[in-house]
Each structure stands twice: as structure tokens, then as C-alpha cells.
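There are 4 protein chains.
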Amino acid sequence: MKNLKYSLSVIMLMVGNVAFGQQRPTMVPEMTEIWEPEVPVVKPGETPQAPPSDAIVLMSPDLPLEKEWVNGKGEKPEWTYENGEATVSKGDIKTKRQFGDFQLHVEWRSPKEVKGDSQGRGNSGIFLQGIYEVQVLDSYNNRTYRNGQAASLYKQHAPLVNACKGPGEWQTYDIIYTAPRFKDDGTFFTPPMVTVIHNGVLVQNNVALRGPTEYIGIPEYTSKPHGKGPLSLQNHGNPVSFRNIWIREL
Amino acid sequence: MKNLKYSLSVIMLMVGNVAFGQQRPTMVPEMTEIWEPEVPVVKPGETPQAPPSDAIVLMSPDLPLEKEWVNGKGEKPEWTYENGEATVSKGDIKTKRQFGDFQLHVEWRSPKEVKGDSQGRGNSGIFLQGIYEVQVLDSYNNRTYRNGQAASLYKQHAPLVNACKGPGEWQTYDIIYTAPRFKDDGTFFTPPMVTVIHNGVLVQNNVALRGPTEYIGIPEYTSKPHGKGPLSLQNHGNPVSFRNIWIREL
Amino acid sequence: MKNLKYSLSVIMLMVGNVAFGQQRPTMVPEMTEIWEPEVPVVKPGETPQAPPSDAIVLMSPDLPLEKEWVNGKGEKPEWTYENGEATVSKGDIKTKRQFGDFQLHVEWRSPKEVKGDSQGRGNSGIFLQGIYEVQVLDSYNNRTYRNGQAASLYKQHAPLVNACKGPGEWQTYDIIYTAPRFKDDGTFFTPPMVTVIHNGVLVQNNVALRGPTEYIGIPEYTSKPHGKGPLSLQNHGNPVSFRNIWIREL
Amino acid sequence: MKNLKYSLSVIMLMVGNVAFGQQRPTMVPEMTEIWEPEVPVVKPGETPQAPPSDAIVLMSPDLPLEKEWVNGKGEKPEWTYENGEATVSKGDIKTKRQFGDFQLHVEWRSPKEVKGDSQGRGNSGIFLQGIYEVQVLDSYNNRTYRNGQAASLYKQHAPLVNACKGPGEWQTYDIIYTAPRFKDDGTFFTPPMVTVIHNGVLVQNNVALRGPTEYIGIPEYTSKPHGKGPLSLQNHGNPVSFRNIWIREL
Numbered sequence: 000m001k002n003l004k005y006s007l008s009v010i011m012l013m014v015g016n017v018a019f020g021q022q023r024p025t026m027v028p029e030m031t032e033i034w035e036p037e038v039p040v041v042k043p044g045e046t047p048q049a050p051p052s053d054a055i056v057l058m059s060p061d062l063p064l065e066k067e068w069v070n071g072k073g074e075k076p077e078w079t080y081e082n083g084e085a086t087v088s089k090g091d092i093k094t095k096r097q098f099g100d101f102q103l104h105v106e107w108r109s110p111k112e113v114k115g116d117s118q119g120r121g122n123s124g125i126f127l128q129g130i131y132e133v134q135v136l137d138s139y140n141n142r143t144y145r146n147g148q149a150a151s152l153y154k155q156h157a158p159l160v161n162a163c164k165g166p167g168e169w170q171t172y173d174i175i176y177t178a179p180r181f182k183d184d185g186t187f188f189t190p191p192m193v194t195v196i197h198n199g200v201l202v203q204n205n206v207a208l209r210g211p212t213e214y215i216g217i218p219e220y221t222s223k224p225h226g227k228g229p230l231s232l233q234n235h236g237n238p239v240s241f242r243n244i245w246i247r248e249l
Numbered sequence: 000m001k002n003l004k005y006s007l008s009v010i011m012l013m014v015g016n017v018a019f020g021q022q023r024p025t026m027v028p029e030m031t032e033i034w035e036p037e038v039p040v041v042k043p044g045e046t047p048q049a050p051p052s053d054a055i056v057l058m059s060p061d062l063p064l065e066k067e068w069v070n071g072k073g074e075k076p077e078w079t080y081e082n083g084e085a086t087v088s089k090g091d092i093k094t095k096r097q098f099g100d101f102q103l104h105v106e107w108r109s110p111k112e113v114k115g116d117s118q119g120r121g122n123s124g125i126f127l128q129g130i131y132e133v134q135v136l137d138s139y140n141n142r143t144y145r146n147g148q149a150a151s152l153y154k155q156h157a158p159l160v161n162a163c164k165g166p167g168e169w170q171t172y173d174i175i176y177t178a179p180r181f182k183d184d185g186t187f188f189t190p191p192m193v194t195v196i197h198n199g200v201l202v203q204n205n206v207a208l209r210g211p212t213e214y215i216g217i218p219e220y221t222s223k224p225h226g227k228g229p230l231s232l233q234n235h236g237n238p239v240s241f242r243n244i245w246i247r248e249l
Numbered sequence: 000m001k002n003l004k005y006s007l008s009v010i011m012l013m014v015g016n017v018a019f020g021q022q023r024p025t026m027v028p029e030m031t032e033i034w035e036p037e038v039p040v041v042k043p044g045e046t047p048q049a050p051p052s053d054a055i056v057l058m059s060p061d062l063p064l065e066k067e068w069v070n071g072k073g074e075k076p077e078w079t080y081e082n083g084e085a086t087v088s089k090g091d092i093k094t095k096r097q098f099g100d101f102q103l104h105v106e107w108r109s110p111k112e113v114k115g116d117s118q119g120r121g122n123s124g125i126f127l128q129g130i131y132e133v134q135v136l137d138s139y140n141n142r143t144y145r146n147g148q149a150a151s152l153y154k155q156h157a158p159l160v161n162a163c164k165g166p167g168e169w170q171t172y173d174i175i176y177t178a179p180r181f182k183d184d185g186t187f188f189t190p191p192m193v194t195v196i197h198n199g200v201l202v203q204n205n206v207a208l209r210g211p212t213e214y215i216g217i218p219e220y221t222s223k224p225h226g227k228g229p230l231s232l233q234n235h236g237n238p239v240s241f242r243n244i245w246i247r248e249l
Numbered sequence: 000m001k002n003l004k005y006s007l008s009v010i011m012l013m014v015g016n017v018a019f020g021q022q023r024p025t026m027v028p029e030m031t032e033i034w035e036p037e038v039p040v041v042k043p044g045e046t047p048q049a050p051p052s053d054a055i056v057l058m059s060p061d062l063p064l065e066k067e068w069v070n071g072k073g074e075k076p077e078w079t080y081e082n083g084e085a086t087v088s089k090g091d092i093k094t095k096r097q098f099g100d101f102q103l104h105v106e107w108r109s110p111k112e113v114k115g116d117s118q119g120r121g122n123s124g125i126f127l128q129g130i131y132e133v134q135v136l137d138s139y140n141n142r143t144y145r146n147g148q149a150a151s152l153y154k155q156h157a158p159l160v161n162a163c164k165g166p167g168e169w170q171t172y173d174i175i176y177t178a179p180r181f182k183d184d185g186t187f188f189t190p191p192m193v194t195v196i197h198n199g200v201l202v203q204n205n206v207a208l209r210g211p212t213e214y215i216g217i218p219e220y221t222s223k224p225h226g227k228g229p230l231s232l233q234n235h236g237n238p239v240s241f242r243n244i245w246i247r248e249l
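Residue numbers (numbering that gives the first Met the number 0), protein chains in the order written: chain A, 0 to 249; chain B, 0 to 249; chain C, 0 to 249; chain D, 0 to 249.
It is possible that some hints are incorrect.
One copy or two, either will do: identical chains are not told apart, so a pair holds if it fits within one copy or between any two.
List time: in silico DSSO-like cross-link candidates among lysine-lysine, alpha-carbon distance up to 30 Å [as the list claims (entries may be wrong)]:
#1 K42 <-> K182
#2 K227 <-> K182
#3 K182 <-> K164
#4 K164 <-> K72
#5 K227 <-> K75
#6 K42 <-> K114
#7 K182 <-> K223
#8 K111 <-> K42
#9 K111 <-> K223
#10 K111 <-> K89
#11 K75 <-> K42
In case anyone wonders, no lab produced these hints; they're calculated from the structure.
Throw the hints in and build the complete structure from the sequences for me.
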């Protein structure tokens, strides 16, 4: 009898506690077990960097770039693309799909040959829902403003540490994103929340954004209520490369 | 002149906006740059699973087990240990060091030979600050209560998905932990917050705990204010193995 | 020229800072003034207990009870009602209107003649959105379980202090309520949040609920996604009275 | 036997559920009752505006001003004071006592004779912990920037509505304040949280502050870790009056 789970000793324990008149009757372990619904199974990747079975793969050697991405006009993306590696060339690119809450894995590489400094070196960006930027920058021995370096939430939160690898090395961002919810007046009921792990190192720990990323001015009272949005990658004039991008909707 | 950063055009922009009498004068981009203090540099590991330069390595082939761990009595740990892999044998083990907020990487493996089922199969646990358990269990094709399976915060939060690998395979937990802060009466001012990534898959997203893990009853009004605490690994009678454990204090 | 607000000295200040090459140019006070949109005007009541101009008055001497309230079947409420004071008699009553986030003012009185004790004395309840109970009880020299006394969020949060007035005295609850938002699976994205001020004394400070109020068992995994809901007043068999109820939607 | 609370029927219910082998045994109501510790009793004021028994009275007709207040130099306060009503004259005043988390009641009145406009009319301020300002201003038919009007958290949060009474009328602020907690680097672990009820109308709903109030610039990266602080009242050059100030430490 599969379901006859409770032994006589358990019954006696329960009865005993009651009979002896304790103020709060003793619970049994099974009372805090929750069985339903069963947790869905996901097959993880071979390594933690490989896409698990429920991920939407956005960039990989198996996919032509135009499968999941378009340029700013909604047309075929005009970036260099080879072996699943896309390199900034003309315009920004963004996903055809729209996303709300998600877990995102991105790999990127700044040019091996160092040119420029501060914001002028290896600059690109990943825009969550198209408007909230996680900065991409070659911050390896390259001082800039703290809230604008690699893995900053641009001009809103500096990273906890600078975990940048050197120019020409592939780097990883693992991003956990909770989309904002809005009040009727267009202000945040709950703001966007972002966690970023850079090359395995926690650099943003569930921080709140104030509004869409702004290059000039204070990011507030400029947001409009929005639903899902695309992921977009920025052309900032430097030939930064991307690969192995996958996303899991939460 | 390194610091003479603002061009005449910027000055004119500022003056212009003021002269034209806008209600809110336009800011310039530099006003939202924050330069100090410089973000500290951390050298990441070769892979995201390898310890970065600021991590405390707790278990690795280079370390004898007794360097960082003790048994329940504070004496030499009595687990099997070879090549940086520790396997449950006698009693629990815990770190000599105490931790508050941290990022933690742990790898674990349930026995290749499957024995038992539900909570009886590949069961162990990682206790944050010694009292908050992240469940370790062979949850591969092994149904149990949802709030007690692998990567659950035991009897408090089921994982979002079951990302377990098979028996005998090494698995990873990446855990971000924010320790509770307390009121004078011993209740939480802020509760413990936990994020868990299991084999690269997000399974707990900054969830709050109600109190120390309880096998029986509701976890509340049982907590006492506490400071830092050790990491402890549970002996639940199954020969689960651990390796490559490192932690970064936040 | 109404808008020409900035004097030459302000312009010179801005220019000066830039010209001298500081890393972060000085802002002027006007840059952090936000003028639009204008904040809507509300005329407050004569006293803080009287309804402000934007409140929906639910119970007052000017209103017949059936204007805003129905019984459990949606029909005419069967409570005693005189001079804007409703007294528990038959069944529960609830508002015709549905509410989401709100500020609520309620006045209540337990019977002057004391009968019964613990939960049996002056027991009623205010159910926010019809399912989350703020307990009404004569807790004046009347010991009961702490999470079931007056101003508790029944079986979820005891009040910080017991600010009860004596039997037969009118008492006030000022309640600030933020409704839950839901995920697609029916669990809370954000839980209901409740602040209660009892007779002018803060007794619940923006605490989170775990689910709808439950008399038996742990309130979780029983919630269903819901939108707005009515305010309902409980018949627990004791002739508790209510008056001067108003609500402001937030 | 006072504690023998559970009848035979309850025992049978518990046993019955177990015997029939349900997956999760039924709890009984008493299992979610929490009896200890007893909630402390506070005697509320006659009206919600009168100080309850556990309040520290800071300003009342029974108290000389110098009992609880000093000027900026820690000496006898130099404000006009009569019948428990203090009017701005020379310098700021602040409490001798220091406070952390609290509930605060303040009554204030702008001059009956209207002089000036915008920030120049009936301007004063209440500084929580000496550095976080709740604005006091005659905002009755007096347009100014929304984040600087009465009941704003100055230059951080505009009030939800403008609930100002007219010049010369006494007004109430009921403020619930949670002090910040700090990380070792001086940034907020949790920010200051503020609720304000103005003349009975909710105008700030548990909003977070970014840092100490700043007249110029963005309030961040300027905070230093601090413990308890005084309450201070601002001299902004207008003869604003205060009375009936009491505070309850939380």
C-alpha cells in the first residue's frame, strides 16, 4: 500500500502530544512536504555554459545570424558572422523574439589589438528589453568611470569588482533579469532587477534599475509601461564579437 | 591636459539651454559619470567554474581536507578524501572559517550505483551559515516532495526546475547568499536571500527564507540572531562526494 | 519672461566648473527639480479620520447600508444598521465594489458587555480583497494566540503591539494595502503587503502575506491569481459594530 | 487542566487522516497558533493624534522647548515657543535624543498671511536622522517642482497627492521610518524607507531613499554609515510653527 506512509509510532507521537496537552500540537514531518505540482525537468548542458534543454539558442555555429536577429530596420543583420561568432560592423542588431523575465548567457570578446581608451576601447552593449544596458567594454587595464565599465548597468550601477579578461579573450556574462511591472501612470510598480555574473564572478547582485539607460541625465520619469522586448547588441564603433548566446524565459 | 575634458561645444550646450530658459536645464553626460572609488580588480578563473583570484578555496586537490574543514566536534574530519574529492563517511563536516554574505561554488556527485528512492537516494546537504540547507539529492528520475528535491531550500522553496544530472555525474551549484540582519527581538530585519544556479540553470531566484531549516514544523520564531557561520556538509547516510569548493565573501 | 530662470551667475558657475576641468561638472539645483506632471490635489478631511475628497465612502450616516454592501448571496445585507453603524447579525457582508491597492479607514467596536474569551470575544474580521483577513477581536485584557489577536494578519503576522481600546469603545484601523501580482503559474510575483495603524499606533509595518488567510494549515500553494476583490466583514457570532468606512484606491 | 485543549474528536481527526494514508496529513487549527511571546500592551491616545503610552513626547504644552530640543550648537533653542507651539525664528533646532526606526507624529502650520511663492512660501523641513528631509511647505495653491512640495521626500520622491490644508491651518504628518543598514564600504545594505500620511491621506508609501537629501546633485555615493540620529526642524526663513510632536521607537 503505497500511500499508507505513516507508521503507528507517528500516530502515537501525534496522539501523545495532544493527550499531554501541549499548547501547540506537534506536527509530523509530512505536514511540511509539498508534493504537487511536480517540478518540470530540464536537461542541463554538458557544461554550465552550454544551453540547457529549455533554452532558446540565439547564436551558435548551427544557426545563421538572420534566423534570430535583425538590424535596426527589422531587416537582415549586417554584422560579420562566421562559425557562430558575430562581430560588430554596421548598425545595431536585435532579436526577432521578445522577452520578459529571463536567464541569459552571452559570450563576448573585445578586439585583441588594443585601440583607444576609456569608453573608446572595446565598447559595445547588451540592451535588455531593448532599453536597459549591460555595458560591454574592454575594462582590462583601462580606467573609465566606474558606472560605465564592463558589467556596469550603464550609469546606474558599477560592478562590485572588475572581473574582465584581456583583449582578445572570450568572456562570459550570465544575467538573471526580472522585468519591471508598471502602475497605471507609467511608473514602476516593481523596477527591473538584474544579476550579472562575469566570467564566473558575481558583479551585480539583484540590483534595481531606475529607468531605461540614459547617456545624459537622470534615468527617471522617462519610462513608459512596456511589455516584452528584444535583446539588442550595440554598435559603438568597435569590432567587438559575440557568440554562444542562449536565453531561458522565466 | 588630462582633465580638461569638456569641449567648447559642451560649454555652449550648457549655456545655450540655460539662456533659452528651459524649466530644467540640460545636463551634460559627464554629470552622471562616477569615477571614484576605482572598482577593485579580480582575476577570473580560466573557466567560470575555476576559483577567481579573490576566492577562498575550501576544497581542491592542492589542499588536505583538514586544512579548512573539521568534524562536528571541531576535530579532524573523518570523510574519505582523495584527489580533492571528499566522500561522506562519518559525521558531518564544516568549515573552520565563518561566512556572512557570499558567492559559493560547489561541485557534488551522487553515487553511480543507485540505491534507495525519494529522500533515501544520494541525500546530503549544504548548510549555509550552518543552518540554512540547500538540498543535495539524486533527483534524476527520483520523485520526492518538491520542496525536498535537489536544489530545494529544504522545506521552504522548491527549485524552479529539476536540472539534475544522472547518478555518478559531477554537478555544480553556484550559490549567491545574503545573510539575514536581525532586530533586537531576534526576528529578521531582512531574511536570508538565496540564489542557486544548478548545472548552469537558474533554480532559485533570490528567494527569502523564513528561518533556519526545519525537518518538522514551520520554520519561524525559532531563529536566534546570529553573525557569521560555517559552511557545513551533511552526512545523510549516502556516499555523496564533493569537490572544487570555493567561496567569495561579498 | 517667466521661464528665464537662470541668472548669469549660474551660467558662469556651470561654465567655470567645466573650464577648470573638474572630473565631474557641478550640477545646478534646477537639474534635480521635477515639475511635471503636477501632483493631483486632494482635499483632506477636517480630521485625519474624516474621508478626504477622493475617498469612496462605504459606510456613513448619509448612506443606506445596501448602497455599497451586499450579503454573501449578493442580496440586501442583513445586519443591524442605524446612524451609519452596522452591527453583525446574519451572515457576512461585502462591498459591491472591487478594489486592488488602497488606503482604508475603518472604525469598529466590540460589545460593551464582555462575553466569552480568547477567540470567542468580540470576534469579527475585515477581509481585504475578500480573502486576506485583518483580525477584529476584543483583545483588551483577553489573551489569545498572538497571531490571532486584534490587528493581526490572521495566522500570519502578530501585531507589533496590542493597542486595543476597551469593550464598547470605538477603535480605528488605518490600512495601507498593496495587492499581489501573479506569475503565470499562479504563485505570487509580489505578495500582498499590509500596513496597519490601530488607534494611531503602528502595528503592522508593510508586512508580506504568504497566501489567503487559512484557519487550518500553512497558507501557501493555495492562492489563485486574482484581480480586484471586495472588502468583506465577517460574522463570527459576536455583535461587533462598524462605522465610518472609507477607501482610497491607490 | 488549563492546557488540555484538544478533544477526542481532534485526536481522531488526526489519526484518521493518517490511517487513510493521505500524502500530506491534515493539520489541526492549533498547529498554526503562536502563543509566545505575548504581544506587549500599549495604551493608545484618546484620538489617533494623541501620543500613545509608549511614545516619547517631544513637543507639548506640558514641556519647555529646551527639555528635548537644542539649537545647531547644542545650546538652548532660539525659536519662539508658547503653549507647546514652536515657531521658526533663529537657526534650526534638533532633538537631544537620537532615533533609529520610528513612528513619528508631527503637526505644523504655515503662516496665515501668505508671502512669497514656490519654495519661498511656508518653507521648513523635518530631517529624519538629521539628514533625510520630509519637506514642509505651504503647497496650498502654490505650484513648485513636484519633488519639492509639501510631503515630498525632498528631491527624491514627490507625494502621491497634494493633501495640503490652507495657510494658517494645522496639518498633520504621520511618518513611519525604517533607518538604513550599511555595508562595510558605506553604501546602503538596505536604504531608508519612508511612509508619510498627510492630514490622513497616504502620500508616500514605503519608498526608498537614495541617500541623504541633496539640494544640488544626485544623492548617492555621498552617504556615510551612521547609527541613530536626531530629528531636526529647518529654518528656511519662514515663520512655520510646530506642535504635538511625539515619536515611538520601533
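Going through the hints against the structure:
1. Only between protomers do K42 and K182 lie at most 30 Å apart by alpha-carbon distance; the minimum there is 23 Å, versus 37 Å within a single protomer.
2. In this homomeric assembly, K227 and K182 come within 30 Å of each other (Cα to Cα) both inside a single copy, at 16 Å, and across copies, at 14 Å.
3. Within a single copy, K182 and K164 get their C-alpha atoms only as close as 41 Å, which misses the 30 Å cut-off; across copies the closest is 27 Å, which meets it.
4. Within a single copy, K164 and K72 get their C-alpha atoms no closer than 33 Å, and across copies no closer than 43 Å, so neither meets the 30 Å cut-off.
5. Taking the closest pair of Cα atoms, K227 and K75 come within 30 Å of each other only inside a single copy of the chain (22 Å); across copies the shortest separation is 45 Å, beyond that limit.
6. When the C-alpha separation of K42 and K114 is checked against a cutoff of 30 Å, the pair qualifies only between copies, where the shortest distance is 22 Å, while the shortest distance within a copy is 42 Å.
7. In this homomeric assembly, K182 and K223 come within 30 Å of each other (Cα to Cα) both inside a single copy, at 10 Å, and across copies, at 21 Å.
8. In the homo-oligomer, the alpha carbons of K111 and K42 lie at most 30 Å apart only across protomers (18 Å), although the nearest pairing inside one protomer, at 35 Å, exceeds that limit.
9. For the identical chains of this complex, K111 and K223 are neighbours neither inside a copy (39 Å) nor across copies (41 Å), given an alpha-carbon limit of 30 Å.
10. Proximity of K111 and K89 under a CA criterion of 30 Å is satisfied intra-copy only: 20 Å inside one chain copy versus 52 Å between copies.
11. Taking the closest pair of Cα atoms, K75 and K42 never come within 30 Å of each other, the shortest separation being 32 Å inside a single copy and 38 Å across copies.
The structure fails hints 4, 9 and 11 (numbered hints given earlier, in ascending order).
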